[in-house]
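K.L.:
Residue numbers (our numbering), protein chains in the order written: chain F, 1 to 307; chain R, 308 to 420.
None of these hints come from the bench; they were simulated from the model. In this text, all values refer to a predicted model and were calculated from it rather than measured experimentally. Each residue gets a CB set at the ideal place from its N, CA and C atoms; glycine is no exception. Among these hints, one or two may not hold up.
[Unchecked claim] Which bits of chain F does chain R cover? Going by a derived footprint, with three or more residues having C-beta under 8 Å, they are:
1) 130-139
2) 156-164
3) 244-258
[As the list claims (entries may be wrong)] Within a straight-line C-alpha distance of at most 30 Å, the following computed BS3-like cross-link-like pairs (lysine-lysine) qualify:
4) F:Lys-249 / F:Lys-116
5) R:Lys-394 / F:Lys-86
6) R:Lys-356 / F:Lys-30
7) F:Lys-119 / F:Lys-282
8) F:Lys-127 / R:Lys-400
9) F:Lys-116 / R:Lys-409
10) R:Lys-317 / F:Lys-249
11) F:Lys-123 / F:Lys-93
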Amino acid sequence: MNVKHYDAIVLGAGAAGLTAGIYLARANLKTLIINEGSIGGQMVLTHAVANYPGVLEASGRDISLIMKKQAKEFGCDIESNVEITKLDLNSNKKMIEIDDDEVFTSDVVILATGGKPRKLGAKNEDKFKGFGISYCATCDGDFYTDKDVIVVGGGNSALEEAVSLTKWVRSITIVHQFDNFQATDHAIEQAKKNDKISFILESEITEYLGEQQVEGVKIQNQKTGEFSELKTDGVFVYVGYIPNTDNFKDIIDLSERQEILTDANMQTNIKGVFSAGDVRIKKIRQITTAVSDGTIAALNAIEYLQN
Amino acid sequence: MLGTNLEHIKSVEEFNEVIESNENVMICCGRMGPMCLPVYDVMENLEEKYENVKFYDMEFDAPHAHVLRNHESASGFMGLPFTFYFKNGKAVKATTSIQNKKQIKTIIEEHLV
Ligand SMILES: Cc1cc2nc3c(=O)[nH]c(=O)nc-3n(C[C@H](O)[C@H](O)[C@H](O)COP(=O)(O)OP(=O)(O)OC[C@H]3O[C@@H](n4cnc5c(N)ncnc54)[C@H](O)[C@@H]3O)c2cc1C
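Modelling step: build the complete structure from the supplied sequences, incorporating the hints.
P.N.:
The structure is reproduced here in structure tokens:
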């Protein structure tokens, strides 16, 4: 098998990984970014980013494309839409195999694999994806014009997306597992004052019902344990994000929530392995904080390589 | 028109021509949203790997897109993008909502090449 050596390999081409790539390549290190999904990561999910300083307002995709261009122009190689099939981070020389057919080695690795939407885990979730289950109100909202839908979740995304869905749908029921919301006062107020929105709290969806399409859901009350059924035309799921740490959960020290533990220099428990962005343990997950982590991880990786 | 690097199908005539004159065709009909962009990205990536498959996109809201929006293989679809796989002019598979590279490769290998 063909083996190619780099000074540094970054896993993940979201805001954190691309930033790390820019800094590493600009320091003349031979750098490769390996990305499992599309370049830009979660940034691509945002239609309009208005809080990234220096950019008045742009789509997350446009910001991603500029970051990618910057990384490439400094000489960074990028492999995207690939699958990591083997990984050895413990040795001095790190090894990563992709798609079962290409092997890369490096002296340092930066883990910037971000997060992915948490699935609800209710029965029939995969079967009905696109047939009544959606994860994107702006994408699919118009298919539900004048219909009755459920939004699952109690964070800012769930409440804001519910309000945005009201321009198409007839009614929305927000189903949330707790009796309070994990959202800003403003988001809660906007949802509560909207006539089309009602709430079922302390309840979880356990099953999607229907033949070809979602026709209803089974809901369990968390307090009483009782089950009930609710008819619906569709369900929009916003139950948060989980860190992408499956590939290295046995090697890298993780928090209880499966986030990578690092020190302030983004150093993990393994020498030569750093981490940056949403995958890392932290409270605030934004593009700005991902970019900041990516910078710190890359500059410390450069220092590590020099010593 | 969609801002991708794929070839765009811009009329019903072009659609008919594309599926009839090519043995294997994959068309993604969508918008520039978060569920569609990753699919275009995968298609751009696969163009090199599968030289005997033609990859196209079509703008979901364009008038001519009714050929795919209302295609019989897309009945019940309620998630963007709608993605179609044609062999010798016939739709052999269609999917609704986002798909990853592995899922798309599996369909291409099973139905097209
Ligand atoms: C809907 C939504 C709206 C948001 N809006 C804003 C906003 O307006 N402003 C703001 O500042 N922030 C916003 N955020 C948060 C912000 O997008 C994230 O904090 C930031 O993009 C995280 O960047 P990241 O690089 O750490 O991770 P990610 O963006 O998650 O990127 C990680 C990348 O790694 C890839 N990957 C995963 N596993 C592996 C693996 N094993 N190997 C290799 N690659 C892998 C993924 O495919 C992905 O491309 C929003 C988030 C969401 C979900």
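K.L.:
Are Lys-119 (chain F) and Lys-282 (chain F) close enough, with their CA atoms no more than 30 Å apart?
P.N.:
Holds, at roughly 21 Å.
K.L.:
Examine the region 156-164 of chain F: at least three residues should have C-beta closer than 8 Å to a C-beta of chain R.
P.N.:
n = 0 at 8 Å, threshold three: violated.
K.L.:
Are at least 3 residues of the region 130-139 of chain F within less than 8 Å of chain R when you compare beta carbons?
P.N.:
holds (count 9)
K.L.:
Can you confirm whether the C-alpha distance between Lys-249 (chain F) and Lys-116 (chain F) stays at or below 30 Å?
P.N.:
holds, 16 Å
K.L.:
Given the hinted pair Lys-356 (chain R) and Lys-30 (chain F), is their alpha-carbon gap at most 30 Å?
P.N.:
holds, 26 Å
K.L.:
With a cut-off of 30 Å on the C-alpha distance, tell me whether Lys-123 (chain F) and Lys-93 (chain F) pass.
P.N.:
violated, 43 Å
K.L.:
The region 244-258 of chain F covered by chain R? Criterion: 3 or more residues, Cβ-Cβ distance below 8 Å.
P.N.:
violated (count 0)
K.L.:
Under the criterion that the straight-line Cα-Cα distance not exceed 30 Å, is the pair Lys-394 (chain R), Lys-86 (chain F) satisfied?
P.N.:
violated, 35 Å
K.L.:
Is the hinted pair Lys-127 (chain F) and Lys-400 (chain R) satisfied, with a Cα-Cα distance of at most 30 Å?
P.N.:
It holds: about 16 Å lies between the C-alpha atoms, which stays within 30 Å.
K.L.:
Assess, step by step, whether the Cα of Lys-116 (chain F) is no farther than 30 Å from the Cα of Lys-409 (chain R), and give holds or violated.
P.N.:
holds, 17 Å
K.L.:
With the threshold set at 30 Å, check whether the alpha-carbon distance from Lys-317 (chain R) to Lys-249 (chain F) stays at or below it.
P.N.:
violated, 47 Å
The structure fails hints 2, 3, 5, 10, 11 (numbered hints given earlier, in ascending order).
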